[in-house]
Amino acid sequence: MKYEMVIGLEIHAELNTRTKIFCSCSTQFGAEPNTHVCPICLAMPGTLPVLNRQAVEKCVTAGLALGCDIAPEAHMDRKNYFYPDLPKAYQISQLFRPLCTGGTLEFEYEDESGQARIGRVRINRIHLEEDAGKSIHDLYGASTLLDFNRGGVPLIEIVTEPDIRSPEEAGAFVDRLRSILRYAGVSDCQMQEGSLRADINLSIRPAGSDTLGTRTEMKNLNSIRAIVRAAQAEFLRQTEVLEDGGVIVQETRRWDDAKGRSLRMRTKEEANDYRYFPDPDLLPIRVDGDWLRAIRDALPELPGSKRRRYVADYGLPEYDAGILTSDPAISAFFEDAVACGGDAKAVSNFIMGDMMRIVRERELDFAALPFSPADLATLVNRVAEGVVSISVAKGAVLNQMFEAGERPDAVIERMGLRQVSDEDTLRAIARDVIRDNPGVAQEYRDGKTKVLGFLMGQVMKKSRGKAQPAAASQLLKEELEK
Amino acid sequence: MKLFTMPALMLARKIHEGSLTAPEVAEAFLGRVKELDPKIGAFLLTDRAWTLEAAERAQRRIDALKAEGKPVPPLAGVPVALKDNLCTRGVATTCASRMLENFTPPYDATAVERLFESLMVPLGKCNMDEFAMGSSTEYSAFGPTRNPWDPSRVPGGSSGGSAAAVAARMAPLALGTDTGGSIRQPASFCGVTGLKPTYGAVSRFGAVAYASSLDQIGPIGRTAADCAALFEVVRGRDERDATSADIDQPACLRDIGAPLDGMKIGVPSQYMGEGIAPAVRQAVEAALSRFRELGCSVTEVSIPALDYALPAYYILSCAEAGSNLSRFDGVRYGYRAQGAGDIDELYLRTRSEGFGAEVKRRILLGTYVLCAGYYDEYYKKALRMRSLVKAGYEKALGSADILMTPTAPIPAFGIGEKVDELSMCMADICTVSVNIAGLPAISFPCGFTDGLPVGLQAIGRPFGEAALLRAAHAYQQITDWHVRVPALSEGGRA
Amino acid sequence: MSVTPEQVKKLAHLARLEIRDDELAAMTRDMEQLVALADRLTALDLSQTPPMDHVLPRANVLRDDAEPVEFPREQALSGAPEAVDGCFTVPRVVE
Ligand SMILES: [Mg+2]
Ligand SMILES: [Zn+2]
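Residue numbers (the working numbering), protein chains in the order written: chain G, 43 to 524; chain X, 2 to 495; chain Y, 644 to 738.
Not one of these hints is a red herring.
From the derived model, a few chain G residues whose C-beta atoms are all more than 12 Å from chain Y:
no. : residue
1   : A158
2   : D252
3   : I400
4   : R477
Label-pair restraints from in silico Cβ distances:
no. : chain 1 : residue 1 : chain 2 : residue 2 : range
5   : G       : E152      : Y       : R701      : 49 to 55 Å
6   : X       : D345      : G       : V289      : 28 to 34 Å
7   : G       : N262      : X       : R90       : 35 to 41 Å
Since the hints were derived computationally from the structure, they do not count as laboratory data.
None of the values given here were measured: they were computed from a predicted structure.
C-beta atoms are modelled at their ideal positions from N, C-alpha and C, and glycine is treated no differently.
Here chain G stands alone, though its shape is the one from the complex (with noise of 0.2 Å):
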């Protein structure tokens, strides 16, 4: 029998603020242990949580970003169960009254086979809540280490319909989400240091059926490509304990990306009774009015729009206009660098090309390069002028500016790097290239005209890259038909 699979995803997602949602501890990542914590993320007695404001603006931001309802009135609700980096042996969370619900994301994405598909996913509620600390159990044998820096950061807690039919499209949606949420300016969704975790819920039926299996939770996975693993496994699986004559089991599993396989955690009978009830220390949230308009006025320009812009606006194809859009700090540069006169055409091939390589082989971000859009702008632009040829431009010049933060006309004057289209010199390099490969240029007089590739190659090279390449293959040519 042929097994659809039916994927809804529940994302957590660590807002940027600065300080804890219910403290004044900061959130910063990274930090030695326990040196962001104080009674109340702590749990101490007596002390109790006040809600963070910008943590409630975030959320509502995500909502807005992601078309959701604004409930008119939220409240927190503890959720009640006992692990040893939960210090107050209740997360702060909400159950029955989130604050926003409702909404929907597409997104483009290629299905297994490569073929083009827009993903249609329904957002059922987006929450908000407080993230647990940290466990360390390698360390030393017979004790498990707690580090409650990260209790307390606020999260948001995206819930979707089990709309997702494949591993792409989850992959892909978790990718447009991010894109979203940086965007947005609420998470800086840095999946490596977990700001950004995914758990999927997944079950299979036959093909064309409309009922839902049992399906099984996978937690934390904390990559997209661990998504799309994890997800393409737990299919298998299923399907193989189905085809065995078997029955899926309501549990929980994890997912070990290293060896490729999910792992029982418990089932559902171990499951905690969570023992919901709204937090009495905290009153309710009401944002209406004046505040959520505030809130949506601030709402940035989100990639979709801004996608669709770059097309009409820059005249871009919609490969480049999406690889630009897919980060908030690379458009920005981009836009920043046009702004100042660049190409956008052009801008847009230096960004896709070598500075997202080196941005990503140097791990460097695009909101922090040691150069500016003006710089990029200006580089570009003497390209377009005939000052420094794309080769160098895209070489020495651009890694320079990557190196020290050099301005371009500077490294082009220091490193002598202005491209040669002086006649003279340029029928020289020409004559030396001819004296040097007889042979070739034998071959080009004999009528293998293909061979001037070669011999400008050599041009090229004899020039260090900086002859002007139209003029240089004129003289090339009149010099082998002398």
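Chains X and Y with the ligands: place on chain G using the hints.
Just chains X and Y with the ligands now, kept in the frame of chain G:
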């Protein structure tokens, strides 16, 4: 008049005048605690250095303020005993539980901070029912407190240590907490005055939570005026407690002497019938006629929802408590069972060894009413009942200015006498509804039966503490119940 | 509703309390009394009355996301039953 029989405001006046100093007063009360407390057990801790340093600091500040011609806070230099669920920085805060036997908070409760700001002097930490769960102070892990009027009887609870300390004149003032009557009922049993403020009037930050939507910190003193003065010290908006009220609360002490002419007193029939001991009812009725003499009208009112306040109270308070007390897990502070092999064993043994039986019972009930399938039947229904109780009170307080009831249906019972769960709950029957509705209420002495004090409860509108204090004060101007001193503490009548 | 010893055990586990076998009967009896008290509400039809989770008529009591405040780690760890390398510790947790 002996120093320790003076009301707090009189002590403050003498310190202000310079005829007494704060360290002298602190020494006198520390001495009295040392002498009497072995018979009463009101204190879990006194710390001479903590008290005397604060007294000296207060005295220096008082002298400086006087020299600069600036106003001195009304209770400056006066000692105050603290219920041991109020966090005190650097001083153990146990909640009378093994669980927190060695817990020293690195912070002060906001109310404690405000005592210091007003130059008051902490005298020690008072016994209570463990985590404030009880009505007799018998559920303290460190032994019961005895009623100064009859040491074979309980002082009430859970703020029994605070009330007994004030009754035995070991402290001029005390702070307690009240979740379902825990200030008023022991005040009644011990013959002192206790105020449970409107929910939100006093910050709860640093008061170890029992039931967050019901808990309030309040003063216990010998007179309504003393309570008014202490209430004004601790109340007010606190940014660390989201549930603290953001309003200008009306003055209480300034107008406390205003006449009661025309004040309308309503008497809920639900609290004057069956279950109220005849002697208690008689004392309350006699007090009501004194209020008529003071120019008040007294009419019976009926609030049917009050009949269901007790079950609603148990559901709400236990549900919140079960969750609030989950943080005591032996991981970050407090008691930890030794030798646990895994985390679950650590939890189970820490919590089983750390909590007493009553705390466990309430946690279990709280767990029960929130369980899947029971939430709507119990918890949500109790929230609906809260609406009815609040509405019932609102209606009654629309026609009456204040309401009066017995504080407790019976006077202080014997230690070990109330063995079953339900008869203990009944001690709170007249007080719990007030917490459910979030209203202010005061208890003050209105008579004696068989040598034991009887308390009268007055309930007011939200933030209507001033009217309650005024009524109690007027009554205390024409009666002497509140100045009687238990024989145990020598000296007889002051 | 009546309360069974099994239920008490289940509740005790959820609340991480250990009820020894010799305590179970008494605890079940106590719970039965408390549940009987709570049950006085179950007969009522309150569906027309809205639940009130808070008596304070306030909303949006929030704090600004201002400059972070530091708290000394020694104090954070000062009450810890056990701490290693700036961390609280518990017996090894196996998931
Ligand atoms: Mg969650
Ligand atoms: Zn903190």
